[in-house]
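All chains, please: the whole structure from these sequences, using the hints.
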Amino acid sequence: MFFLFQDPLGDDQGLAYQYPRAALYREAGEGFADLLALAGEAREGHLVLLKVRLARYPNPLEGPLGFSLATVALF
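Going from the sequence shown to our numbering is simple: count from 1 and add 698.
Be a bit skeptical, because a hint or two may be false.
Stated by the list, open to error - Restraint ranges, calculated between C-beta atoms of paired labels, are given here:
no.: 1; residue 1: 746; residue 2: 720; range: 15 to 25 Å
no.: 2; residue 1: 736; residue 2: 763; range: 17 to 27 Å
no.: 3; residue 1: 723; residue 2: 744; range: 14 to 24 Å
no.: 4; residue 1: 722; residue 2: 746; range: 29 to 39 Å
no.: 5; residue 1: 718; residue 2: 744; range: 33 to 43 Å
no.: 6; residue 1: 722; residue 2: 744; range: 35 to 45 Å
no.: 7; residue 1: 719; residue 2: 741; range: 38 to 48 Å
no.: 8; residue 1: 719; residue 2: 699; range: 33 to 43 Å
no.: 9; residue 1: 760; residue 2: 702; range: 24 to 34 Å
no.: 10; residue 1: 742; residue 2: 716; range: 17 to 27 Å
Keep in mind the hints are simulated off the structure, nothing from the lab.
Even glycine gets a Cβ: it sits at the ideal position worked out from N, Cα and C.
Below is the structure:
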């Protein structure tokens, strides 16, 4: 393991952020954007594999291959 950052469950309100209020998001419930961990693993020289763990992965539209409402962007 190259690095591991962990974050407590249930602290997904941030700086007064709120979950979207559209029906799809209300159906999914809160907590789907609650980051629990970010890990990096060194692979084959300079390649680093990043792994993100969220509290929940709801699939409100019942996509056959799954679907996550949360999107993670790392810069």
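Now for the hints, and whether the structure bears them out:
1. 746 x 720: 15 to 25 Å: Violated, since residue 746 and residue 720 (Cβ atoms, about 35 Å apart) do not stay within the stated range.
2. 736 x 763: 17 to 27 Å: holds (24 Å)
3. 723 x 744: 14 to 24 Å: Since residue 723 and residue 744 have Cβ atoms about 38 Å apart, the given range 14 to 24 Å is violated.
4. 722 x 746: 29 to 39 Å: holds (33 Å)
5. 718 x 744: 33 to 43 Å: Since the Cβ atoms of residue 718 and residue 744 sit about 37 Å apart, the hinted range of 33 to 43 Å holds.
6. 722 x 744: 35 to 45 Å: holds (40 Å)
7. 719 x 741: 38 to 48 Å: holds (40 Å)
8. 719 x 699: 33 to 43 Å: Holds - the Cβ-Cβ distance for residue 719 and residue 699, about 38 Å, lies within 33 to 43 Å.
9. 760 x 702: 24 to 34 Å: holds (33 Å)
10. 742 x 716: 17 to 27 Å: Given range 17 to 27 Å: violated, Cβ gap about 41 Å.
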